[in-house]
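The hints should help you fit chain Y onto chain S, whose structure is shown.
Number of protein chains: 2
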Amino acid sequence: MTESDRVVVAVCQLDGVAARDDREVIRRAVTAAADRGARLMVLPELAACGGVVTSREQSRAVAEPLDGATVALAAELSAEHGCVVVLGLAEAGTGGKVHNTAVVLDRGELRATYRKVHLWGAEKNAFDPGDQPPAVVDTSAGRVGVMVCYDLEFPEWVRMAAEAGAEVLAVPANWPVRPGGDPQRPFEVVKARAAAVTYRVNVAVADRCGVEDSVDWYGGSLVCDVNGELLAGPACAGPQDGRGAQPAILTAQVDLGAARDKRLGRFNDAFADRRPDLYTR
Amino acid sequence: MTESDRVVVAVCQLDGVAARDDREVIRRAVTAAADRGARLMVLPELAACGGVVTSREQSRAVAEPLDGATVALAAELSAEHGCVVVLGLAEAGTGGKVHNTAVVLDRGELRATYRKVHLWGAEKNAFDPGDQPPAVVDTSAGRVGVMVCYDLEFPEWVRMAAEAGAEVLAVPANWPVRPGGDPQRPFEVVKARAAAVTYRVNVAVADRCGVEDSVDWYGGSLVCDVNGELLAGPACAGPQDGRGAQPAILTAQVDLGAARDKRLGRFNDAFADRRPDLYTR
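Heads up: the sequence lines are chains S and Y, in that order.
If you count the first sequence from 1, position 152 lands on 152 in the UniProt record's numbering, and the numbers rise without skipping.
If you count the second sequence from 1, position 31 lands on 31 in the UniProt record's numbering, and the numbers rise without skipping.
Pulled out of the complex, with its shape left as it was, chain S reads as follows (with noise of 0.2 Å):
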């Protein structure tokens, strides 16, 4: 790779119940992030409101502005660190809708907003879906695709974001540990390696963790590039570790000129190979 297509990418665990409580919690990851080398941070889904919102009540106490507090830190510490911001918030969008966003900030401009589509579990019941595709833009760290958790779960999405050109895919995310689920093994790292592998886009997923209203979270941050191979996480709890998952500054290299050569060898192509002729939709 050349040095232009190295960078840096932090993905940012943090507790959900510590970030919602303190603001600070943010500033302290990002600043960490940028004392470590990255360029591109990304947070987690929600990331200062609680990541449990499962009415509509709850989305619209907690729901701000794209002028709000939180985007105002995020740009603030993109500014302050020349660098990349990626978080999750719940947007007061227009006519008392509200929605699960993503936000990417560069260098102290809003220079993307992406509402959650694939909503999971009872947030359907507190969160208006976005209706447009994955946000993906130019940034400072390279050309950043941006979609919110579950969304990371359907390979359709995913191959749009790869199609509009994403380098590295980041990825606000809440994961919960399912009931009888192994909280060393989400399903939810297959799935991402899966993505990254097949679309050939570096993917940059950052979890939350700790135990928040019951929900406990797997902290399964990861980073991987584009043959689906783990540069960094997933953070989850260790194996003898009864503690859960921990709060953690995972970061590693990743080489944006590789997703731009979709290629397989000499005669195969991840693109040129499908065949949208015989898929139904």
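Hints are computed from structural coordinates only; laboratory data are not their basis.
Keep in mind that a hint or two might mislead.
The list treats identical chains as interchangeable, and a pair is accepted whether it falls inside one copy or across any two copies.
Here are the simulated EDC-like pairs of lysine to aspartate or glutamate, each with C-alpha atoms no more than 16 Å apart in a straight line [as the list claims (entries may be wrong)]:
(1) 97 - 131
(2) 262 - 273
(3) 124 - 273
(4) 97 - 128
(5) 97 - 57
(6) 124 - 269
(7) 262 - 163
(8) 124 - 57
(9) 97 - 64
Okay, now just chain Y, sitting in the frame of chain S:
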């Protein structure tokens, strides 16, 4: 799961050279699988003719009609053991065409034929791609979907088979070790697991092993459930094993009923949550 939904599936990992040189290798593998209670046996792509077919001359030389020796052997074995056999062959089609085909034999009867659509590597020079969707057919071992090797890496193809009601995908495959690739960790395994969990379908991949005409095969045969969890395999070389992958018969009991239930908890459904109105092709 109910008793009738429990089916033992076998993936028969064959040494490519041995199976090419002696059809008895196939007979012994299916017999061994039957002895272990399997009712659905999956064998590799191009099971009996060698897996390195890279020119039109080569494919024509090994092509057989659907009433040829390989299908006859599979029919005989499926009748003898009262089971379903899925395997791959080079099929002599009409007008001089040659297809990389998989067949489904149920208790002696040819129930389905599928011609590989997504061709890998130099086999593009050797075979004519099919133009039909994955085969999905009711058998004595459940509703079986069939695709071949690289097909499985296209989420649309897996979705179409799952939408057609496949309870288990039977996937004859030949996974070559990539240059520089780790022989223990083919990314195809990640994609296979993601295919299973994304569309909630059991997946059984039969790979080949050994070195054949300078191609080293992964031997990544596996069975995974609708959660993407490995029930058997992958049968790749072990980390301390310099010998490479070995022939193996892997069996696992799969739950066909689980594949008929696409719900994910109270609020979600792997298919109903899709937003085809927003997806490009």
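Do the hints match the structure? See the list:
1. 97 - 131: within (13 Å within a copy, 45 Å between copies)
2. 262 - 273: Within. Shortest intra-copy distance 10 Å satisfies the 16 Å Cα cut-off; inter-copy 28 Å does not.
3. 124 - 273: Only across copies: residue 124 and residue 273 sit 11 Å apart there, 36 Å inside one copy, limit 16 Å.
4. 97 - 128: within (6 Å within a copy, 52 Å between copies)
5. 97 - 57: within (12 Å within a copy, 64 Å between copies)
6. 124 - 269: Between. Shortest inter-copy distance 12 Å satisfies the 16 Å Cα cut-off; intra-copy 37 Å does not.
7. 262 - 163: within (10 Å within a copy, 28 Å between copies)
8. 124 - 57: For residue 124 and residue 57, the Cα distance is within 16 Å only inside one copy (13 Å; across copies 57 Å).
9. 97 - 64: within (11 Å within a copy, 62 Å between copies)
The structure shown violates none of the earlier numbered hints.
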